[in-house]
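> Chains as they are written, first to last, in our numbering: chain A, 1139 to 1491; chain X, 1139 to 1491.
Derived by calculation from the structure, the hints in this document are not laboratory data. Just so it is clear, the structure is predicted and the values come from calculations on it, not from any experiment. Each hint should be verified, as a subset may be incorrect.
[As the list claims (entries may be wrong)] Using 27 Å as the maximum straight-line C-alpha spacing, the simulated DSS-like pairs for lysine-lysine come out as follows: (1) A:Lys1334 / A:Lys1302; (2) A:Lys1429 / A:Lys1476; (3) A:Lys1261 / X:Lys1282; (4) X:Lys1282 / A:Lys1212; (5) X:Lys1212 / A:Lys1282; (6) X:Lys1282 / A:Lys1216; (7) X:Lys1334 / A:Lys1261; (8) X:Lys1364 / X:Lys1307; (9) X:Lys1454 / X:Lys1375.
Residue strings, one per chain:
There are 2 protein chains.
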Amino acid sequence: MAEVKVVSMNSGDDECSYANNSKVQNTLVMKSLAYVEETLMDLATSGFPECLKLVDLGCASGPNTLLVVTEMVKIVGKICQKKNFAVPEIELFLNDLPDNDFNTTFQMVPQIFSELENGEGIKYGNFFVFGVPGSFYRRLFPSKSMHLVHSSCSLHWLSQVPEKLGNNKGNIYISKTSPPGVSEAYAEQYRTDFSKFLRLRSEEVVPGGRMVLTLAARSISDPTSKEFCCKWELLAKALQDMSDEGLVQNEDIDSFNLPFYTPCAEEVKDIVQYEGSFSLDRFESHELVWKDNENIFTKSVRAVMEPMLANHFGTKSFMDKLFQRYEMHVADHLSEEKIKSFYILISLTRKFV
Amino acid sequence: MAEVKVVSMNSGDDECSYANNSKVQNTLVMKSLAYVEETLMDLATSGFPECLKLVDLGCASGPNTLLVVTEMVKIVGKICQKKNFAVPEIELFLNDLPDNDFNTTFQMVPQIFSELENGEGIKYGNFFVFGVPGSFYRRLFPSKSMHLVHSSCSLHWLSQVPEKLGNNKGNIYISKTSPPGVSEAYAEQYRTDFSKFLRLRSEEVVPGGRMVLTLAARSISDPTSKEFCCKWELLAKALQDMSDEGLVQNEDIDSFNLPFYTPCAEEVKDIVQYEGSFSLDRFESHELVWKDNENIFTKSVRAVMEPMLANHFGTKSFMDKLFQRYEMHVADHLSEEKIKSFYILISLTRKFV
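Pulled out of the complex, with its shape left as it was, chain A reads as follows (with noise of 0.2 Å):
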């Protein structure tokens, strides 16, 4: 098990753009990429099976959205190349909730199709491609069916807020205000969540079967750390001059936390032994430095955290007023600290007992 520290994004760098912020992303998805090549090959040591089922939970939409699993469909076409085994027949699952916008992510399908056909030794008729529309909380699949499952960046939502949170007033997330129950509270959901989504998967893959998972995470194992937990505060300190200019009531931000969490390697590791299903072959985490460019993370987190937030507070003008005066907090906390964001990557084999 390596474990390797990679810092990026520290910038200070004016060409950087949302462009720049987007290849981060892409980083990850690449070096995830590579734990999916070695996997594949580990796979095929004796040629594929026939038929090739492959995952990508939480597969969101755009133009990303099937970068995972055609770059999947050309590395096995480049070990069959390699190997000079048969092509196998590839199953493509692209799964998220019933709510994400699957329509634009299969208009994009034809294309990719195309493309696909037209190197690596692929052919028409060698893959095809299905929605899984579905929380990875409950069964997606039939039993003992599926050889490779790959998920980036979603395995951090939790299947519902923490139930007994008590009293966060003021906070959105584990901040160090909150009362001593809630960074618990948060954890123990986290445990309930990722414990039963290994016990679901190891229904559902084969035995010798692969995951390849990358993971918002900590660095630190305090919870309430504050290179972690600022940029929630300093959302939840945006909120409150919202409603400091009645532009929000203030029940309106209590009731709100956010519904996931971000463990630090040693739970992560805690949770796949004490789940039993699953060993744990690699090990790898990823480190995001942001010193400045606060309006490249403004974009970043507004991305990710806009709709749910429009949810619970409302229209898109609301937004923009928030996350303006976010970014003056981002702007202010910057000028004088970091704000870190890290990744764990893992890779699990289904155990055969």
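Use these hints to put chain X onto chain A, whose structure you have.
Showing chain X alone in chain A's frame:
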């Protein structure tokens, strides 16, 4: 092979509403589900396969989309209760073209799941829903994987407008005034497409697997027979009105021909026999006769044709004007003559050789 004629919608009934019109569609689906039930009984002589794979091709979108697959699940549940079989895992594949609205359908999946889990001995984890974006004139599934393929009112759509139509000016489909080559070009395109459909499905369906198909068709072998062609001749007339009023260019009408074909029983039987992969187990036909109710008839034609017409001719206001004129022509016609719709329902088995 039973051959039955059912005449309905001959109305003259003032209470005949759009709901009544969709009742007819429903009757067709219910008839086809009776075949599906028989078929599933046959497939389950000594229990179901561990994982039963069921397909609906051309599922469209909207509230009725999930009707067929949920009924299939209920039928499987009932058979298992009656025969004391273990309920298999069931994969439900919903197929349509990539630009179909899958989002609306997917958003209804959670509700359907809860409903199904409350009856017929079906439990959580028994069934899985997948969207399959693609033309059924291409491969959609891995080899020898599907147990039952269902399709209702989709297989009259051709893969393209026939290429060699010659001069079909003033018409938009086969008509008495079309040059002799037109009906042969349509019939030839249908032979090519339906043969290809059968060959592709023969690769995907397990030996002994089944297909239940409902096709828009005609009861008379002459493809220019007025009873079946008049609805498109009247639509061509309405387009001509629009042209006379300067609302559309004549070239736009001349370049438009409908990409579908309604075969007669003999054509369907001949193609199935000639292609050779499937045996024809059952054959049934339904004739709908329209004697008045031009408004309902117009609505039903518009519901099916609008997306394609709008794609060629444009805006909603154009469509409103076109179908106002169409309804007048239909009313004139129905005051003197009837219009027929005709459907063929077939059940096929994948041969073992």
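> Against this structure, judge whether each hint is valid.
Status of each hint after checking the structure:
Between Lys1334 (chain A) and Lys1302 (chain A) the CA atoms are separated by roughly 19 Å; this keeps the pair inside 27 Å, and the hint holds. Proposed proximity of Lys1429 (chain A) and Lys1476 (chain A) is supported: the alpha carbons are some 5 Å apart, at most 27 Å. Using a Cα cut-off of 27 Å, the hinted pair Lys1261 (chain A) and Lys1282 (chain X) holds, with the two alpha carbons roughly 18 Å apart. A threshold of 27 Å between alpha carbons decides the hint, and for Lys1282 (chain X) with Lys1212 (chain A) the separation of about 24 Å falls inside it, so the pair holds.
About 24 Å separates the Cα atoms of Lys1212 (chain X) and Lys1282 (chain A), which keeps this hinted pair within 27 Å; it holds. The straight-line distance between the Cα atoms of Lys1282 (chain X) and Lys1216 (chain A) is roughly 26 Å, inside the 27 Å bound, and the hint therefore holds. For the proposed pair Lys1334 (chain X) and Lys1261 (chain A), the alpha carbon gap of about 18 Å is at most 27 Å, so the pair holds. In summary, the hint linking Lys1364 (chain X) to Lys1307 (chain X) is supported, as the alpha carbons are separated by about 18 Å, within the 27 Å threshold.
A distance of roughly 19 Å separates the Cα atoms of Lys1454 (chain X) and Lys1375 (chain X); the hinted pair therefore holds under the 27 Å criterion.
The earlier numbered hints are all upheld by this structure, with none contradicted.
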